[in-house]
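Peer 1: Residues per chain, in single letters:
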Amino acid sequence: MTAFLRDLIRYRGLIHNLVLRDLKLKYRGSVLGIIWSLLNPLLTLAVYSFAFHTVLRVQMENYAFFLLVSLLPWQFFSNSLLASTGSIVHNAHLIRKVYFPRETLPVSSVLFAFAQLLLAFAVFLPGLLATSERPLRWTLLLSIPLLLLHVVFTAGLALLLSALTTAFRDVTHLTEVTVMLLFWLTPIVYPVTIAPAALQELFKANPLAAFAIAYQDVLFWRRVPEAIVLASVLVFPAVALLVGLAVFRRMSPGFAERV
Amino acid sequence: MPAVEARRLSKMFIVSRNPAENLKVRFVGLFDPRQRERREELWALRGVDLSVGSGECLGFIGPNGSGKSTLLRLMAGIFPPTDGTLRVEGRVAPMIELGVGFHPDLTGCENVYLNTSLFGLPRRETDRLYDSIVEFSGLAASMDLPVKTYSSGMYMRLGFSVTIHLDADLLLIDEILAVGDEAFHQKCIERLHLIRSSGRTIVMVSHDLALVEKMCDRVCLLVGGRILVQGEPRAVIERYHEVARTSG
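Chain order of the listed sequences is C and V.
Quick note on numbering that gives the first Met the number 0: the first sequence kicks off at 0 and runs consecutively.
Quick note on numbering that gives the first Met the number 0: the second sequence kicks off at 0 and runs consecutively.
Just so you know, these hints were derived from the structure itself, not from any lab.
Backbone N, C-alpha and C define an ideal beta-carbon position, used for all residues, glycine too.
Any given hint could be a false lead.
Claimed, not checked - Dumping the calculated DSS-like pairs for lysine-lysine here, alpha-carbon to alpha-carbon at most 27 Å: (1) V/Lys-147 to C/Lys-23; (2) V/Lys-186 to V/Lys-213; (3) V/Lys-147 to V/Lys-186; (4) C/Lys-25 to V/Lys-186.
What the hints assert, rightly or not - Computed Cβ-Cβ distance ranges for the label pairs, DEER-style: (5) C/Tyr-26 to V/Gly-89: 33 to 43 Å; (6) C/His-89 to V/Val-242: 32 to 42 Å; (7) C/Ile-8 to V/Gly-54: 26 to 36 Å; (8) V/Glu-212 to C/Val-242: 27 to 37 Å; (9) C/Thr-177 to V/Asn-17: 30 to 40 Å; (10) V/Lys-147 to C/His-89: 11 to 21 Å; (11) V/Lys-147 to C/Gly-32: 46 to 56 Å; (12) C/Tyr-26 to V/Asn-21: 31 to 41 Å; (13) V/Thr-148 to C/Ala-194: 54 to 64 Å; (14) V/Ala-182 to C/Leu-241: 15 to 25 Å; (15) C/Arg-168 to V/Pro-79: 39 to 49 Å; (16) V/Arg-217 to C/Gly-32: 47 to 57 Å.
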């Protein structure tokens, strides 16, 4: 663990440059450039609002805002995992030619997605907070540790998936379909309270749902999440990081031969 | 203390013929033995004992597939040894391929920063070295162009210039001295002599025997993953000629 942090700090320049490279390359040549990072969630939000609020009539005040507070973090999570599965195998040319801590690759995939989440939050949140009727409360500040825990959780899974992909390329496809399906099993487009009571408890033990509920609590409802949700968002990141790192460390010496 | 110390160092790769990566191929293999996957062990290095003194310039020569590049990659930390031990002292600058990680759509300048950070150089350090890197490469006028517009010579010049500025204790050079045109080639050789005389250790792999003889203090002849003979450059090169004659 300390070796992991030491490597990240020593190679922070590399992580910085990898994230910067991806940001530059993603939008190079497009007319709207970085604005796409905002348009993409905005369009998704518009269509989901239409489908769930207008057509399916999920009964909620300020549904768009409710949707946004957990949809943006979900997009960060899903983009991170999808990018991280390829982060080792698609950088084979680097791995076979020079030694550097391999952890920097999945970690920078996660931070690249995180940079876009922060951008989107920075642009959308102030406006939504201003238009919302609920009073501003200190619980909004809980979103900061929550974001950090979310990064740790996602980085742990990213380390795990990126390493496993070098042995089984199927992991990429499996991740793709799993993430897509988990979206509907996570209370993002609907509040968890409309689920049958028996299911609600089950939801809360699921780390993805716990994060979604926690974001909704601190940003939308402006309240402290209940104990089980808090426990989930504290424990799962630690577990994910420890497991992810253990698997990654075990497999990384063989990466150069396997990619 | 030696810069590199190897004891009974071995490296084995698993190679598969007709790699059966998915179920379909495996299924076909059940019926058609010609399409069946066969895994073989390939021993690229077999029990190499080696000690490279600090400040020494050591050359590896030998036929293709004799394990020279594998040895260099082990020293660079890219592959773990299968057996035996390998100890490398200090910072390593691997010149196994020039311009590793250069992205065609990024400019020369952006690529320099990306490349140095790949070698673990902090940003401030790159800021300090940047002018010198550009000057050595002779590409001052092209640094704001995407490297996809570079000629292959320009690309290698920039890559070479970055790596020699890394200020490493150990330089690993794999057959990359055929860089750019005659003038730049001369400049590289002069620079390597300078690095050598400043007490840095150099391990190089090359088929350019004249260059090896001129640069190296000691030469190892590697055949079939073993060091056949090592010692004074001229004598070892002579021996290599004999080996090549008898096997060719």
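Peer 1: All hints, please: hold or fail.
Peer 2: Here is how each hint holds up against the structure:
For the hint pairing V/Lys-147 with C/Lys-23, the CA-to-CA distance comes to about 16 Å; that is within 27 Å, so the pair holds. For the hint pairing V/Lys-186 with V/Lys-213, the CA-to-CA distance comes to about 15 Å; that is within 27 Å, so the pair holds. A hinted pair counts as satisfied when its Cα atoms are at most 27 Å apart, and V/Lys-147 with V/Lys-186 qualifies at roughly 24 Å. Among the hinted pairs, C/Lys-25 with V/Lys-186 is inconsistent with the structure: their alpha-carbon atoms are about 38 Å apart, more than 27 Å.
Taking 33 to 43 Å as the suggested C-beta distance range, the pair C/Tyr-26 and V/Gly-89 conforms, at roughly 41 Å. Between C/His-89 and V/Val-242 the beta carbon distance is about 41 Å. The supplied range of 32 to 42 Å therefore holds. Between C/Ile-8 and V/Gly-54 the C-beta distance comes to about 31 Å, which sits within the given range of 26 to 36 Å. Between V/Glu-212 and C/Val-242 the Cβ separation comes to about 54 Å, which falls outside the hinted range of 27 to 37 Å.
Our hint of 30 to 40 Å for C/Thr-177 and V/Asn-17 holds, since their Cβ atoms are close to 31 Å apart. At about 18 Å, the beta-carbon gap between V/Lys-147 and C/His-89 stays in the expected band of 11 to 21 Å. A hinted range of 46 to 56 Å for the beta carbons of V/Lys-147 and C/Gly-32 is inconsistent with their spacing of about 20 Å. The hint said 31 to 41 Å for the Cβ distance between C/Tyr-26 and V/Asn-21, and at roughly 35 Å that hint holds.
With their beta carbons about 57 Å apart, V/Thr-148 and C/Ala-194 fall inside the hinted range of 54 to 64 Å. Taken as a hint, the range 15 to 25 Å is violated for the pair V/Ala-182 and C/Leu-241, whose Cβ atoms sit roughly 55 Å apart. For the pair C/Arg-168 and V/Pro-79, the supplied restraint of 39 to 49 Å is violated, since their beta-carbon distance comes to about 22 Å. At roughly 55 Å, the beta-carbon separation of V/Arg-217 and C/Gly-32 lies within the given 47 to 57 Å, and the hint holds.
This entry does not satisfy hints 4, 8, 11, 14 and 15, going by the numbered hints stated previously.
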